[in-house]
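Colleague: One-letter residues, chain by chain:
Protein chains: 2
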Amino acid sequence: MTPAYDDTLRDAPTETFQFHLKKTDGKARLGTITMPRGTIRTPAFMPVGTVGTVKAMYLDQVRDLGADIILGNTYHLMLRPGPERVARLGGLHELIRWPHPILTDSGGFQVMSLSSLRKLDERGVTFKSHIDGREHHMSPERSIEIQGLLDSDIQMQLDECVALPAEPREIQRAMEMSLRWAERCKVAFGDQPGKAMFGIVQGGDIEALRVKSAEGLKALDLKGYAVGGLAVGEPQEVMLRMLDATLPVLPTEKPRYLMGVGTPDDILKSVACGIDMFDCVMPTRSGRHGLAFTRRGKVNIRNARHAEDKRPLDEESSCPASRDYSRAYLHHLVRANEALGGMLLSWHNLAYYQELMQGIRKAIAEGRFADFMAETQEMWAKGDIDPV
Amino acid sequence: MTPAYDDTLRDAPTETFQFHLKKTDGKARLGTITMPRGTIRTPAFMPVGTVGTVKAMYLDQVRDLGADIILGNTYHLMLRPGPERVARLGGLHELIRWPHPILTDSGGFQVMSLSSLRKLDERGVTFKSHIDGREHHMSPERSIEIQGLLDSDIQMQLDECVALPAEPREIQRAMEMSLRWAERCKVAFGDQPGKAMFGIVQGGDIEALRVKSAEGLKALDLKGYAVGGLAVGEPQEVMLRMLDATLPVLPTEKPRYLMGVGTPDDILKSVACGIDMFDCVMPTRSGRHGLAFTRRGKVNIRNARHAEDKRPLDEESSCPASRDYSRAYLHHLVRANEALGGMLLSWHNLAYYQELMQGIRKAIAEGRFADFMAETQEMWAKGDIDPV
Numbered sequence: 053m054t055p056a057y058d059d060t061l062r063d064a065p066t067e068t069f070q071f072h073l074k075k076t077d078g079k080a081r082l083g084t085i086t087m088p089r090g091t092i093r094t095p096a097f098m099p100v101g102t103v104g105t106v107k108a109m110y111l112d113q114v115r116d117l118g119a120d121i122i123l124g125n126t127y128h129l130m131l132r133p134g135p136e137r138v139a140r141l142g143g144l145h146e147l148i149r150w151p152h153p154i155l156t157d158s159g160g161f162q163v164m165s166l167s168s169l170r171k172l173d174e175r176g177v178t179f180k181s182h183i184d185g186r187e188h189h190m191s192p193e194r195s196i197e198i199q200g201l202l203d204s205d206i207q208m209q210l211d212e213c214v215a216l217p218a219e220p221r222e223i224q225r226a227m228e229m230s231l232r233w234a235e236r237c238k239v240a241f242g243d244q245p246g247k248a249m250f251g252i253v254q255g256g257d258i259e260a261l262r263v264k265s266a267e268g269l270k271a272l273d274l275k276g277y278a279v280g281g282l283a284v285g286e287p288q289e290v291m292l293r294m295l296d297a298t299l300p301v302l303p304t305e306k307p308r309y310l311m312g313v314g315t316p317d318d319i320l321k322s323v324a325c326g327i328d329m330f331d332c333v334m335p336t337r338s339g340r341h342g343l344a345f346t347r348r349g350k351v352n353i354r355n356a357r358h359a360e361d362k363r364p365l366d367e368e369s370s371c372p373a374s375r376d377y378s379r380a381y382l383h384h385l386v387r388a389n390e391a392l393g394g395m396l397l398s399w400h401n402l403a404y405y406q407e408l409m410q411g412i413r414k415a416i417a418e419g420r421f422a423d424f425m426a427e428t429q430e431m432w433a434k435g436d437i438d439p440v
Numbered sequence: 053m054t055p056a057y058d059d060t061l062r063d064a065p066t067e068t069f070q071f072h073l074k075k076t077d078g079k080a081r082l083g084t085i086t087m088p089r090g091t092i093r094t095p096a097f098m099p100v101g102t103v104g105t106v107k108a109m110y111l112d113q114v115r116d117l118g119a120d121i122i123l124g125n126t127y128h129l130m131l132r133p134g135p136e137r138v139a140r141l142g143g144l145h146e147l148i149r150w151p152h153p154i155l156t157d158s159g160g161f162q163v164m165s166l167s168s169l170r171k172l173d174e175r176g177v178t179f180k181s182h183i184d185g186r187e188h189h190m191s192p193e194r195s196i197e198i199q200g201l202l203d204s205d206i207q208m209q210l211d212e213c214v215a216l217p218a219e220p221r222e223i224q225r226a227m228e229m230s231l232r233w234a235e236r237c238k239v240a241f242g243d244q245p246g247k248a249m250f251g252i253v254q255g256g257d258i259e260a261l262r263v264k265s266a267e268g269l270k271a272l273d274l275k276g277y278a279v280g281g282l283a284v285g286e287p288q289e290v291m292l293r294m295l296d297a298t299l300p301v302l303p304t305e306k307p308r309y310l311m312g313v314g315t316p317d318d319i320l321k322s323v324a325c326g327i328d329m330f331d332c333v334m335p336t337r338s339g340r341h342g343l344a345f346t347r348r349g350k351v352n353i354r355n356a357r358h359a360e361d362k363r364p365l366d367e368e369s370s371c372p373a374s375r376d377y378s379r380a381y382l383h384h385l386v387r388a389n390e391a392l393g394g395m396l397l398s399w400h401n402l403a404y405y406q407e408l409m410q411g412i413r414k415a416i417a418e419g420r421f422a423d424f425m426a427e428t429q430e431m432w433a434k435g436d437i438d439p440v
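Chains G and Z, in that order, are what the protein sequence lines are.
The first sequence maps to residues 53 to 440 in this note's numbering.
The second sequence maps to residues 53 to 440 in this note's numbering.
Read the hints as simulated data drawn from the structure, not as lab findings.
Here the structure is a predicted model, which means the values were calculated and not measured.
You may find that some hints are simply not true.
Which copy? The list can't say, so a pair holds if one copy fits it or any two copies do.
Derived lysine to any residue pairs resembling SDA-like cross-links, with alpha carbons at most 20 angstroms apart [stated by the list, open to error]:
1) Lys75 to Arg232
2) Lys321 to Leu408
3) Lys107 to Arg340
4) Lys238 to Asp438
5) Lys107 to Glu390
6) Lys107 to His341
7) Lys362 to Gly143
8) Lys321 to Leu166
9) Lys362 to Pro135
10) Lys107 to Asn389
11) Lys74 to Arg375
12) Lys270 to Arg225
13) Lys171 to Arg186
14) Lys434 to Gly411
15) Lys414 to Thr346
16) Lys321 to Ile183
Required output: the full structure, derived from the provided sequences and hints.
Modeller: Rendered as structure tokens:
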């Protein structure tokens, strides 16, 4: 008889990067990633620490909520404080006081969404900083170099993410170049047993291209695989169709990361497709704008119905932000544009996201993920508690 | 033999508002204010909780730093969330989760500095909200009513604070009207044994008018006295001269509160004149702008010299914000305009202010306030640690 699953226990760290697939339930997967800086229980949600801070949160709080890993944005960090400076300061972990694993993106996505006057060709991308207009160049090799200077534990290949809708020819061109860049990133990354470099499946909304991309990356035998270029405005149904086409091609013994996703419902359905890792700014960004994710769906705390409601967002939560502060106070803080409003709602939302991941892992462990998913969706559909 | 002073011990709360003058050292005074919601060790610094939140701080942190009382701004709270709403929500303490004493100002100062199109006469002041332009009227009676709806423990009379420089005739007119308003506020406040209403000495930079104001207020036999209309741009020397003129007139057995003051140096010198209570937005506002107050004077964390400095603001501090985060990280956060920068520097500054007050109280208890003042000023003059 196997002992009952205890989500509070993390496996011991290991000297090399390893993925352990512990259990499957349908296509949903329970596992751990172990490496020198710690262990990531999967399916995992990675809070986004954009520019070296999970916005409006102390990292102690982020850890206490159950985060095993956070994400840093290479684009933001390369502009400020700059990778060489971060290296001189002992690396990102030491700078921001997060000794646990960190994943960094390649910077490519934000180069394309935030910077201006960029030029993109086989060699890489030239762009102007959105902060001071200074010109920068990033090649696949430089992206890996920067991520190394940051001392990132899981590094991402540079890729080109095409905005949808796009011409099939354009999607194919970008996907093929991303594949060639993956190979260059693999070479640049070299042999670092305690760390990993993940490839990124591209191919837009065309299943055949997604399959080709996944096959090409699989042939590179990388330590993990991400699915990129989704959750960029397309319907959820398209995203899930792309996952269904892609994931069977990828090796089961490697972790799979769906980049930039998503809503709690996106996460639930993507876990059902076999995704192991997620990151998204949604809990923190929405929090700053007064939107709370709860067991009973979304709550817009700005709405007048909360103005005199003394009840908390969720009295059953163990998070102080969710349990101890009245909706009336949160409503007031958000309306008055006070920092504490964003602090409390980011805290609440990250707590809810981590609670959801804990529920997902427990359900897979107990072989009742489908039921958990149905129950969770049913609670969301019920909607918020009745107004006072 | 009296036991050594232990600043961590607060006297038990009392059913009625009481001031206990425990010791004097020169003109500096050590005491406590006791009342039903708790005890305030004086000299006290009251963090400003403008609109129901000490900006970018959890109130648990504010309490842990040693704050016995915080201040709420009647002007801000009357506009949002509104006093009647606060009352329906159980009062300000319950709304913001601060069960300890709260002092509220009368709203007068901010009406005059923030609102527009105001009309001021004997009856009170009519003004338009800086938020939505709606017209409001505040009389001395309405100010006390609002502070009562907020359930404030120490309430302030409505006064008229004249911007300096001003004509003597104008200063005298405003001072005399403020005296008449004090009397109306006293009547409106009535008999509330567990709470207090303080009068406010006005009179601009004219000693004779300050004395007249103090005499008039003393005759009203109020529970405490504030000195207002200072720290509004005049030289520190003028402020101290006004205190020297005013305080001897006030009864020794009542607490004395210097409104809106100030820098650590202002506080030290005003304690030396016999002031018991202070409030100021400086630690939180400066913190959000990257200015840190330390044992070794002011530190502008935005300066380039901190960009690669791994040392904390003050390694001897017991406050995590001061002790555990590198200057390089604080520099980065403030430069990148990240919320955590304001959170950490507000925390650090409030810690420093409370540490200063603890030092002041201990020094008075031990009869060495003059030495403490000289040592503290000497450390400030030394300036920050040498650059790396």
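Colleague: State for each hint whether it applies.
Modeller: Cross-check of the supplied hints:
1. Lys75 to Arg232: For Lys75 and Arg232, the Cα distance exceeds 20 angstroms both inside one copy (33 angstroms) and across copies (79 angstroms).
2. Lys321 to Leu408: Within. Shortest intra-copy distance 12 angstroms satisfies the 20 angstroms Cα cut-off; inter-copy 55 angstroms does not.
3. Lys107 to Arg340: This pair counts as both: shortest intra-copy Cα distance 9 angstroms, inter-copy 15 angstroms.
4. Lys238 to Asp438: Cα proximity of Lys238 and Asp438: none, with 54 angstroms in one copy and 44 angstroms across.
5. Lys107 to Glu390: both (14 angstroms within a copy, 7 angstroms between copies)
6. Lys107 to His341: Close inside one copy (12 angstroms) and across copies (17 angstroms); limit 20 angstroms.
7. Lys362 to Gly143: between (44 angstroms within a copy, 12 angstroms between copies)
8. Lys321 to Leu166: neither (29 angstroms within a copy, 51 angstroms between copies)
9. Lys362 to Pro135: Between copies, since 16 angstroms is at most 20 angstroms while 47 angstroms is not.
10. Lys107 to Asn389: both (15 angstroms within a copy, 11 angstroms between copies)
11. Lys74 to Arg375: neither (33 angstroms within a copy, 41 angstroms between copies)
12. Lys270 to Arg225: within (19 angstroms within a copy, 85 angstroms between copies)
13. Lys171 to Arg186: So Lys171 and Arg186 pass the 20 angstroms test inside one copy only (14 angstroms; across, 52 angstroms).
14. Lys434 to Gly411: within (19 angstroms within a copy, 56 angstroms between copies)
15. Lys414 to Thr346: For Lys414 and Thr346, only the intra-copy Cα distance (19 angstroms) is at most 20 angstroms; the inter-copy one is 48 angstroms.
16. Lys321 to Ile183: For Lys321 and Ile183, the Cα distance exceeds 20 angstroms both inside one copy (37 angstroms) and across copies (44 angstroms).
Consistency note: the structure conflicts with the earlier hints numbered 1, 4, 8, 11 and 16.
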